[in-house]
Every structure is written in structure tokens, then in C-alpha cells.
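Each protein sequence line maps, in turn, to chains A and B. Using this note's numbering, you'd call the opening residue of the first sequence number 1 and step up by one each time. Using this note's numbering, you'd call the opening residue of the second sequence number 1 and step up by one each time.
Calculated directly from the structure, the hints in this document are not laboratory data. A portion of the hints provided could be inaccurate.
What the hints assert, rightly or not - DSSO-like, lysine-lysine: derived pairs with alpha carbons at most 30 Å apart:
(1) B:K48 <-> A:K96
(2) A:K115 <-> B:K48
(3) A:K87 <-> A:K149
(4) A:K55 <-> A:K87
(5) A:K55 <-> A:K71
(6) A:K115 <-> A:K71
(7) A:K149 <-> A:K71
(8) B:K48 <-> A:K87
(9) B:K48 <-> A:K55
(10) A:K96 <-> A:K149
(11) B:K48 <-> A:K71
(12) A:K149 <-> A:K55
(13) A:K96 <-> A:K71
(14) A:K55 <-> A:K115
(15) A:K87 <-> A:K71
What the hints assert, rightly or not - The following label-pair restraints were derived from C-beta to C-beta distances:
(16) B:Q31 <-> A:S62: 45 to 53 Å
(17) A:T59 <-> B:N66: 49 to 57 Å
(18) A:A132 <-> B:Y115: 35 to 43 Å
(19) A:G6 <-> B:E41: 50 to 58 Å
(20) A:S109 <-> B:I44: 14 to 22 Å
(21) B:Q31 <-> A:I122: 22 to 30 Å
(22) A:H103 <-> B:T38: 23 to 31 Å
(23) B:D6 <-> A:V28: 20 to 28 Å
(24) B:I44 <-> A:S62: 31 to 39 Å
(25) A:I122 <-> B:T119: 17 to 25 Å
(26) B:E41 <-> A:T4: 50 to 58 Å
(27) A:T4 <-> B:S42: 56 to 64 Å
Small disclaimer: the values here were computed from a predicted structure and weren't measured. All residues carry an ideal CB built from backbone N, CA and C; glycine is no exception.
Residues per chain are reported as follows:
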Amino acid sequence: MVNTDGQLYTIEGFAAGLIMIMTAYLVVSATSVYTAGDTHISDMQLEQLGSDALKIMATPASTGEISPLQKIIEVTPVGTDNATFGKMFGNLTNSKTGFGTDHIQFIASVSYRNKTDDSVSIYRLNSTRNLAGGEHAVRTTKWVIVNKKLPPSAPFAEDRAVLVEVLMWRD
Amino acid sequence: MARLNDDAQWIILMGFLISFSFFFLALIINQSTVVGQTTAESVIEFPKNDIRDLVGVITTNTSRSNTTVVNSDITVISLHRKNAVVRYSLIQPNPPVDLHSYASIHYNNGVTTYYENWTSL
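Please put together the full structure from these sequences, using the hints given.
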């Protein structure tokens, strides 16, 4: 014969179990980070930061002058490093409110077109260090019009469009 | 057989209701974790900075001497380095009649297509 004693205790037990599981679930999920780190939010911010910094560098101080970025590219021979770029870009991106600086690393390069065969050459402008395996970088770019011999063997300097590309990452 | 004790059924019902409401709250919190991810991904995917930069460099350099070379530079480098098909044409001002410059800009990176007819001030 089926015994119907203790049905209420069973139901109460289930209710208590549910409440305990839910409480545990809430507590555990509340103390963990809601949005995981691998969600591109920091990438988006880093890319925007780099884009803003390049835009500042590509803006002339006054009408008729050339921008710092254009000057940097024009005075730097193709294939050589330019420390001015690193200093300016580093200052713009690593500044923080208060003391200390941020730890943003970058590799900057310039792409230009070879007029003879429409191939694209790229050379490094400046970098803080090399990108190590496993580090996650974002890319930000800026078009600049420069008056330069591109490629260096070109007979004369003329207005050219080059693309400044910067890989940025935080270590 | 002992009489079934049916006291406090109201309390048990409330216990059930509260348990289930916790369950649905947990579902909502669970869903909220992916909101920031999809937002950031769609922001990154949309080439806002690329398009602004492209339009900026084209429209601020309409009066250069060798616009043909610059045009090829932008077209070729966009394709090679930015995976974007870019075509644009410029119309220079025709002073006595028309003092404006015009640019017709087309951008397509496979995901986003952008077309702009620009007129100088």
C-alpha cells in the first residue's frame, strides 16, 4: 500500500533545495566578472585611442603648416627608424591621469605604392618592441599625404598618399 | 492511516514562487553578460574610422597637383592593406561658374558599403 505520509516534507525539501541552489548560483555569478575579458571591449577602446592619437598627429598646428606626422614621414628615409614618432605617439597614448604611465606598446609602419608595378611596400617607422607570441594587438591606420620620393629610387619627390599603420597592444 | 497534515500549504506555495522568480532572475543576469560583447564586436566590425579617414584625406587634398597619383595610391593601398575596394573621382572648381569642388567616393570592404557625394563649402 502506498504510504502518503510526509508528502509535505518532501515538497518542503524540494523547495528548500531549489532556494539553496538558486542562492548559490546567484552568489557565485555575482562575484565573478559579468562580461568576460575576451569580449573585444578593451580592443575597441584601444583602437579608438590609437585612432585619436594618429588624428592628432596628422593635424597641422595652423593653416599652411604641415602636420607632425607628415613631417616625420618626410624627413625619415625609407627603412630607418624615427624616434620622434615613438615619443609623440607614446606620450599621446600612454598618458594617464595622476602619476605613472600606461603600458601600451606599438609597432608603426608605413605602406606606399610602387608606381611601376602597383605593388605595395611597407617599412617600419618606429616600435617600442616586437610583438611576442600570444599577445593580442589591434590595428589602427591613418592616411597621410606626403611629399617624398617613394620608392627611394624615384627620380623626384611628389605628393603621395601613404598609409600609416600602427599595431597596438597592452602588456 | 494517519490524517494528512495540510497545514502551511500557503507558505510552501510562496516558497515555490520565490524559487521560480530567482530562477528567472538568474536567466536575465546570464543573458546580460553577452550584451557588451556583441556591442563591442559590432563597433569594431563597422569601419567608422576607416571611412572617416578616407573621406578626410580625399576631401582635404582636392587641390593637390598630382591627384591622379594620389588616387592610385589610395585605391591600391586600400585594397592591399585594408581589404577594401575604394574608388573615387574629383571634380575641380571651375572658377567663374562654379567655385565648389566635388568628390564622389565609393567604399566597400565586403561587409560595409559606403557611398558619398561630397561638395566643398
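Checked hints:
At roughly 26 Å between alpha-carbon atoms, K48 (chain B) and K96 (chain A) fall within 30 Å of each other, so this suggested pair holds. Restraint check for K115 (chain A) and K48 (chain B): satisfied, since their Cα atoms lie roughly 29 Å apart, inside the 30 Å limit. The suggested pairing of K87 (chain A) with K149 (chain A) holds, with an alpha-carbon distance near 25 Å, which does not exceed 30 Å. Annotation: proposed proximity of K55 (chain A) to K87 (chain A) holds, straight-line Cα distance about 16 Å (limit 30 Å).
At roughly 14 Å between alpha-carbon atoms, K55 (chain A) and K71 (chain A) fall within 30 Å of each other, so this suggested pair holds. For the hint linking K115 (chain A) to K71 (chain A), the alpha-carbon distance of about 22 Å falls within 30 Å, and the restraint holds. Our distance criterion of 30 Å between C-alpha atoms is met by K149 (chain A) and K71 (chain A), whose separation comes to about 14 Å. Of the pairs offered as hints, the one joining K48 (chain B) and K87 (chain A) holds, with about 27 Å between alpha carbons and a cut-off of 30 Å not exceeded.
Between K48 (chain B) and K55 (chain A), the direct Cα distance comes to roughly 14 Å. Compliance with the 30 Å bound is thereby established for this hinted pair. Between the alpha carbons of K96 (chain A) and K149 (chain A) the distance comes to roughly 38 Å, so the proposed pair goes past 30 Å and is violated. A hinted pair counts as satisfied when its Cα atoms are at most 30 Å apart, and K48 (chain B) with K71 (chain A) qualifies at roughly 26 Å. Between K149 (chain A) and K55 (chain A) the CA atoms are separated by roughly 24 Å; this keeps the pair inside 30 Å, and the hint holds.
Annotation: proposed proximity of K96 (chain A) to K71 (chain A) holds, straight-line Cα distance about 27 Å (limit 30 Å). Restraint check: the Cα-Cα separation between K55 (chain A) and K115 (chain A) comes to about 27 Å, which is no more than 30 Å; the hinted pair holds. Among the hinted pairs, K87 (chain A) with K71 (chain A) is consistent with the structure: their alpha-carbon atoms are about 14 Å apart, no more than 30 Å. Restraint check, Q31 (chain B) to S62 (chain A): a C-beta distance of roughly 52 Å satisfies the suggested window 45 to 53 Å.
The hinted window of 49 to 57 Å between T59 (chain A) and N66 (chain B) is violated, with their beta carbons roughly 23 Å apart. About 41 Å separates the C-beta atoms of A132 (chain A) and Y115 (chain B), a value consistent with the hinted range of 35 to 43 Å. The given range of 50 to 58 Å is respected by G6 (chain A) and E41 (chain B), whose C-beta atoms sit roughly 53 Å from each other. For S109 (chain A) paired with I44 (chain B), a C-beta distance near 21 Å keeps the hint of 14 to 22 Å intact.
Distance hint check for Q31 (chain B) and I122 (chain A): the Cβ-Cβ separation is about 44 Å, which falls outside the suggested range of 22 to 30 Å. Between H103 (chain A) and T38 (chain B) the C-beta distance comes to about 28 Å, which sits within the given range of 23 to 31 Å. For D6 (chain B) paired with V28 (chain A), a C-beta distance near 36 Å fails the hint of 20 to 28 Å. Restraint check, I44 (chain B) to S62 (chain A): a C-beta distance of roughly 34 Å satisfies the suggested window 31 to 39 Å.
Checked against the hint of 17 to 25 Å, the pair I122 (chain A) and T119 (chain B) fails, with Cβ atoms roughly 35 Å apart. Remark: the range hint 50 to 58 Å for E41 (chain B) to T4 (chain A) is upheld by a beta-carbon distance near 56 Å. Our hint of 56 to 64 Å for T4 (chain A) and S42 (chain B) holds, since their Cβ atoms are close to 58 Å apart.
The structure fails to meet hints 10, 17, 21, 23 and 25 from the earlier list, while all remaining hints are met.
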